[in-house]
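Heads up: the protein sequence lines correspond to chains A and B, in order.
Once you know that position 390 of the first sequence is 376 in this note's numbering, the rest is easy, because the numbers rise by one and skip nothing.
Once you know that position 174 of the second sequence is 160 in this note's numbering, the rest is easy, because the numbers rise by one and skip nothing.
Since the hints were derived computationally from the structure, they do not count as laboratory data.
Do not take every clue at face value.
It does not matter which identical chain is meant; a pair holds if it fits inside one copy or across any two.
To be verified - Below, computed lysine-lysine pairings styled on DSBU-like, alpha-carbon distance capped at 35 Å:
hint	residue 1	residue 2
1	Lys163	Lys72
2	Lys72	Lys239
3	Lys72	Lys341
4	Lys341	Lys163
Protein chains: 2
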Amino acid sequence: MNHTVTDATPQADIFAATRERFFIPDDVRYFDGNSLGLMPRIVQLHASNVITHEWGHGLIHSWHDAQWRTLPQRTGAKIAALIGAKPSEVIACDSTSVNLFKTLVSAVRLRPDRWKIVTDGEAFPTDLYIVEQVAKLIGLSVVAVPAAEIVDNLDDEVAAVVLTHVDYRSAEIYDMKAITDATHAVGALIVWDLSHTAGGVPCDLNGCGVDFAIGCGYKYLNGGPGAPAFLYVSERIADVCEQPLAGWFGHAKPFDFTPTYSPAQGTARFLCGTNPVIGLSVLNRALDIFDGISLADLRERSVQLTQTFIEQVDERLAPHGFIVASPRDPALRGSHVSLRHPQGYGVMQALAARKLIGDFRMPDYMRFGFAPLYNTEGEVHELVEAIDEIMRNSAWDAPEYRQRRDFT
Amino acid sequence: MNHTVTDATPQADIFAATRERFFIPDDVRYFDGNSLGLMPRIVQLHASNVITHEWGHGLIHSWHDAQWRTLPQRTGAKIAALIGAKPSEVIACDSTSVNLFKTLVSAVRLRPDRWKIVTDGEAFPTDLYIVEQVAKLIGLSVVAVPAAEIVDNLDDEVAAVVLTHVDYRSAEIYDMKAITDATHAVGALIVWDLSHTAGGVPCDLNGCGVDFAIGCGYKYLNGGPGAPAFLYVSERIADVCEQPLAGWFGHAKPFDFTPTYSPAQGTARFLCGTNPVIGLSVLNRALDIFDGISLADLRERSVQLTQTFIEQVDERLAPHGFIVASPRDPALRGSHVSLRHPQGYGVMQALAARKLIGDFRMPDYMRFGFAPLYNTEGEVHELVEAIDEIMRNSAWDAPEYRQRRDFT
């Protein structure tokens, strides 16, 4: 391995400091923060405090004394700062799938005279499954097309558009402003999925006039396995939304126990049942690592890491048959890079044996996440070096191993 | 306080041992396990292990190596043993409200030619709110009547019945077998809410032929604040159910990432998004305290505690104007007892100042939970003694303080 590469990017000091705030297992080089972020060191003590002191000692009084009740809002406010929203427009709760259901039903209820939902047919599958169910419940049709064709499929029959901002396979960034504007131009509403955006790629929900957004808490936000998801609703429309999972925490006065539902003002009406206090509190604390980091620095760091990787792949791995399956224009690229190779699965296994961890998506995508808070230029070089070495020491460069199995 | 009362119930030894497995803050006598269970001591170390070792060290490999993927099923199997279900029929996931939504939509989809949902108009409000939303989405009517009148309102226009097994205010147990039979007699399906049942009162879902059930993980199951809820679907019908929150974890092969939804076999199809691993794992570990406890002993212990309390109230607190608002027949009574008194709110505050913790529900319900795993006969006596003393040292026995504000 090449351990001599120094990290001379302008923000190296800032991000050397944030890297220190994560626990990194011995010898592990981790390129899977786009699937499950590393553990912030602070959450160990914090979770212990929540369990022992807030639950064990404080018991039910902690709903007030430890402010459990406002955890969804306080956590949402921290996420809002990363995605261009007002603090009051974001809450953390439930899962991404559940939050998509809540926002999409709310969106189409605001357009009762329309009958189509347009979405990316190659989106992360759970989004497609939820869109299908919403369409079935409300009696709408789903128009599933490639992301690039969404704008061409908009007309005044469309109630809502659902699109992921950063594609989970290619890391392609779709144009939030242009697609939101085109959606609004036909009178429809849009739900953006920010699962591969928040914490990895800045975005500007308010600046783009976005109606709804949802996203994941356990990837670049480092909230831990199955961390609560988040949900954004523009304050322009929150108070006219009627969401379908109208549980008691979304009530204006949950502790009045009234038999009739009166929604809370603003995005808080999108809460449903009792929130997962331990997981929410861990996510809330994990988000503090972003304190004082400018979004411009975050983005620049991310671009530098992915750019270095692509340049190294071109130089050292292209001869082995690796193809860059992510956009080469940094402006169109999120914080991970996908390579394709017919032996991709085997290469990922060989990397894992050396404690270099990325992930694999069918049929031949090797996905490497470069989390700006903790990945380094040195790790990028080690990764390329390791893949090169694996190829040089295997038979996989022989022509019969380089045939593509399925490049559709 | 009277500390000399000894606990001579037949199961005292068993439950003295289970009590030792909980953390109880100094001087606290806790009668609110029906709202938030005490912290099992074992979860401190367990949560630390999940966070540090499974997340911090294991990272994404823990989905397999630490069996995160099967946590909903493994946790559900432990709950199944407490509610008369087969291990494969129960999963732990989401919140009670979300699980009611999933099961009720599934139920009414199995009766597409019917147009009514019958429910208890005095149920815990979140159930009423969710029932209203399901009715609105599907285009049904809600018939909300007192629980005692549900059977009289059943006819062949009813698609589904939603009822809580143990009433959250009075602790009245409704007859699961009789009401389920009556529901089936008109060809409808039933969803039972076991939030105040599971872990406090045994029930027999299979024996009663129940279709669906849901319930809470943070009350008598001691899973911690906002612990995941649970969901039961009879194996008779699970494979023909179509649930509306069809997220990727309910897919037959979630990691194939196919764009078309194919539900998993059985109750697992009721999973939705990525599950909250930390909270689920804490609940899963907390449930081990029930290991080796027979449901008959659990029930007998619960009845003894509530019975002792009611007898003491009759003897010592009735003269102060306290009324027992829970059934006097133990067979009809859950594991908490509600008293009513015009000064109930003030009495609860005075008790809290002495570290005796129960809760209050409008307009004048004083609710005391007696968790069979940890509450003792001695605590029951201390509670009555304290209320008696509070009344004797206050002006609240004077006639003007004993007028009922709202006894409707």
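So, going through the hints one by one against the coordinates:
no., hint, result
1, Lys163 / Lys72, "within (17 Å within a copy, 51 Å between copies)"
2, Lys72 / Lys239, "within (23 Å within a copy, 38 Å between copies)"
3, Lys72 / Lys341, "neither (40 Å within a copy, 41 Å between copies)"
4, Lys341 / Lys163, "neither (40 Å within a copy, 56 Å between copies)"
The structure is inconsistent with the numbered hints 3, 4, although it conforms to all the rest.
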